[in-house]
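Line by line, the protein sequences give chains A and B.
First residue of the first sequence: 1, per the numbering used here; consecutive thereafter.
First residue of the second sequence: 108, per the numbering used here; consecutive thereafter.
It is possible that part of the hints are untrue.
What the hints assert, rightly or not - Think about it this way: if two alpha-carbon atoms lie no more than 20 Å apart in a straight line, the pair counts; the simulated PhoX-like pairs of lysine-lysine are: (1) Lys150/B <-> Lys42/A; (2) Lys39/A <-> Lys107/A; (3) Lys39/A <-> Lys150/B.
Quick caveat, the hints were computed from the structure, so don't treat them as lab data.
Model, not experiment: these values are computed from the prediction.
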Amino acid sequence: DIQMTQSPSSVSASVGDRVTITCRASQGIRSWLAWYQQKPGKAPELLIYGVSTLQSGVASRFSGSGSGTDFSLTISNLQPEDFATYYCQQANSFPLTFGQGTRLEMK
Amino acid sequence: EVQLLESGGGLVQPGGSLRLSCIASGFRFSDYDMSWVRQAPGKGLEWVSTISASGTSTYYADSVKGRFTISRDNSKNTVSLHMNSLGAEHTAVYYCAKSISGYSTAFQHWGQGTLVTVSS
Numbered sequence: 001d002i003q004m005t006q007s008p009s010s011v012s013a014s015v016g017d018r019v020t021i022t023c024r025a026s027q028g029i030r031s032w033l034a035w036y037q038q039k040p041g042k043a044p045e046l047l048i049y050g051v052s053t054l055q056s057g058v059a060s061r062f063s064g065s066g067s068g069t070d071f072s073l074t075i076s077n078l079q080p081e082d083f084a085t086y087y088c089q090q091a092n093s094f095p096l097t098f099g100q101g102t103r104l105e106m107k
Numbered sequence: 108e109v110q111l112l113e114s115g116g117g118l119v120q121p122g123g124s125l126r127l128s129c130i131a132s133g134f135r136f137s138d139y140d141m142s143w144v145r146q147a148p149g150k151g152l153e154w155v156s157t158i159s160a161s162g163t164s165t166y167y168a169d170s171v172k173g174r175f176t177i178s179r180d181n182s183k184n185t186v187s188l189h190m191n192s193l194g195a196e197h198t199a200v201y202y203c204a205k206s207i208s209g210y211s212t213a214f215q216h217w218g219q220g221t222l223v224t225v226s227s
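So here's chain A without its partners, still in its complex pose (with noise of 0.2 Å):
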């Protein structure tokens, strides 16, 4: 099984602040990644698949990176909605796989 890890487990930033959650995979994956944002008592929503393909709707400040077993998503100009769970997955093989969250927290 392909594991995730992300770093870090939790983070504090300000409105405004530019943030960046990595995740490294046990193995390559190529770009079969994405990135899913979760607040308190909500279902996730999908931000970006495809490594750095933002979902429609998502706003711009969103972005993602990386290639093989390490990929970031960084978060620039906080807005207060942003402030929410963050799980990366990787989606190359079953059984598919999430990070363990990044909870982002205002500072």
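Fit chain B to the supplied structure of chain A, relying on the hints for placement.
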């Protein structure tokens, strides 16, 4: 507008069974792989199972293989998850999720989730 509406969750005793259903609307259901993803209380996301658009291929997490069965009825736009021999470790919110066109192993749309509680 894509909508996924799960039902069937509830309280079940250990060793019991439950069937979750998800009714889809707003898209051509028979064109998309469908999945179930769960989240135990206070924990992260865990993929459970995926069924191909035609229903001919199914995939399961090792943790549920042999206990859970995913199925779909394309004439009724529904996907189901039959869960047997349930234990406390299966307590979670179960989400139905729709794949992305051309990228079938990621989840573009999610239902609101249905809570399964396994307890005596």
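Hint-by-hint comparison with the structure:
no. : hint                 : in the structure
1   : Lys150/B <-> Lys42/A : 13 Å, holds
2   : Lys39/A <-> Lys107/A : 17 Å, holds
3   : Lys39/A <-> Lys150/B : 13 Å, holds
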